[in-house]
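> Residues per chain, in single letters:
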Amino acid sequence: MADAPNETAEPQVPTVEVGALLPRLDRGEKVLLLDVRNDDEFETWKIEPHRPVETLHVPYFDFIEDAEASIAKIPKGRDVVVLCAQGGSSELVAGMLQEAGISSANVKGGMIAYGLYLEPVRVPLEAEAAARYELWQVNRRGKACLSYVVVSGEEAVVVDPSRHVEWYQGFVAERGARIVRVLDTHVHADHVSGGPALARALSVPYFVAAGKGFELKQPVTPLADGETIRLGGATGVSIEVRVLSTPGHTPGSTSFLVDRRHLLTGDTLFVASVGRPDLGGHVVEWGHALFDTLKRRLADLPGETRVLPAHYGGIGEISAEGVVWGRLADLRRTVPEMQIATADAFVAAVRGAVKEPPKAYAEIIQVNLGAAASEEKISEWELGKNQCAASAKKAAGA
Amino acid sequence: MALKKLDVRGAKCPIPIVKAKKEMDTMAPGDQLEVTSTDPGSVPDFQGWVKTAKHALLKEQRMEKDEAGKDLYIHLLERT
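Protein chains in written order, with the working numbering: chain S, 1 to 398; chain L, 1 to 80.
In case anyone wonders, no lab produced these hints; they're calculated from the structure.
This one's a predicted model, so the numbers in the text were calculated from it and none came from an experiment.
Note that beta-carbon positions come from the ideal geometry of N, C-alpha and C, so glycine has one too.
Among the clues, some could well be false.
[As the list claims (entries may be wrong)] Rough simulated footprint, nothing fancy, chain L against chain S, three-plus residues with beta-carbon under 8 Å:
1. 38-48
2. 85-92
3. 259-273
4. 314-325
[What the hints assert, rightly or not] Take a look, some chain S residues computed to stay more than 12 Å from chain L by CB distance:
5. 297
6. 361
7. 362
With these hints in hand, go ahead and build the complete structure from the sequences.
Structural data, given as structure tokens:
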């Protein structure tokens, strides 16, 4: 371990990073996950590997109250991975288990680290397209948030970045390219966008359309409906990203059509649902706009268009390639809200189906419009999974 | 009956409960301990702990602000 030198004389508890643990769990490795958070935290937000993981829940304060009885609950001879909210309590428990002769490791940073972890997944492209660009779907597993990196030649755009902006800078630099523009599909309500900070750090244009009723407090380089952005630079290859205004989830919601075949829809259309139009207090107006977008604006696009959304509802929505995507023709047939024939029936359906709003969504919207907030507050608001779809069709395994 | 105070401002879990338990172990039945924490997570955690704690009752939880306006979470425990 290349960690900072130990300041205390206490023995080191083995640690495992979220980025190393998740692929092991995804492969189905037989570890025992010991979750030591309190009951509420455990019930409301769990790690979701691609395969089920055996999980035991014993709160850390039980270990403090009665170490012996709590340790006795842990089966012997297993590899135990201990998880808590921030990594402190799990470190204590992992240490107790180690002392009791049970092989255990602490998940570094706990659920906070899980909520921040980004997994890049390369979207498979046909050979002709792959020669001109790379499309990466960046999966923020802990929040089921998806952002995108499009690289063509020496230029890249980032769409809907999470707030760990250094990650995107490093990722694009590794591909030998530079970020020339940062785009947000909409003013997010469930997580704080990294868009403005990323654009500022690189001195490149940032785009988001807030729409009627919202006051943006930060500089934006506007893009018109139908406008195209060309990527490639002086390398001889290039692609176009077309701007499509797709209001409904928010009045400013925008989709980006990459190379005429990949539609980054934001929260307009997911692979199993549509975006909820109720987060601004204008559910009828926004609901009608969303219906119009789905039925008319997107009607011109070929069925072969691949939809790549900003969220997913559960691991059942992740394809065999590891990508959350769907053919537009399939989604027109399978997404329940896409089957509704009239705008009024659509609005009634999405109104009836919506769940609790995302935690602190009003505050998060203000920050994404440009208001300041402390890292501590943002971290607290962002805990938990997204609630951005109008309906939660129970996805397999979710 | 004595009232002791424990200041765990700035500490995150598991420290507030580790320290509270240690302190409570030295106290006599009926004595009270007032814990001042800045960690919002301490609120459900103290509630959870006293469910299984053999010698601790949670008498009261309240929120206050410090001089800088920062939220404080105050837990009043009683040794049983």
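> Please go over all the hints and tell whether each is borne out by the structure.
Here is what the structure says about each hint:
1. A stretch counts as covered by a chain when three or more of its residues have a beta carbon under 8 Å from one of that chain; for the segment 38-48 of chain S and chain L the count is 4, and the coverage holds.
2. Here the segment 85-92 of chain S counts 5 residues with a CB under 8 Å from a CB of chain L, which clears the bar of 3, and the coverage holds.
3. Coverage of a stretch by a chain is defined here by at least three residues with a beta carbon nearer than 8 Å to that chain's beta carbons; for the segment 259-273 of chain S and chain L the count is 0, and the condition is violated.
4. Given as covered by chain L, the segment 314-325 of chain S fails the check, having 0 residues with a CB less than 8 Å from a CB of that chain where 3 are the minimum.
5. The Cβ of residue 297 of chain S lies farther than 12 Å from every Cβ of chain L, with a closest approach of about 43 Å, so its non-interface assignment holds.
6. For residue 361 of chain S, the requirement that its beta carbon stay farther than 12 Å from each beta carbon of chain L is met, with the minimum near 18 Å.
7. Chain L leaves residue 362 of chain S outside its interface by the beta-carbon criterion, the shortest separation being 19 Å against a cut-off of 12 Å.
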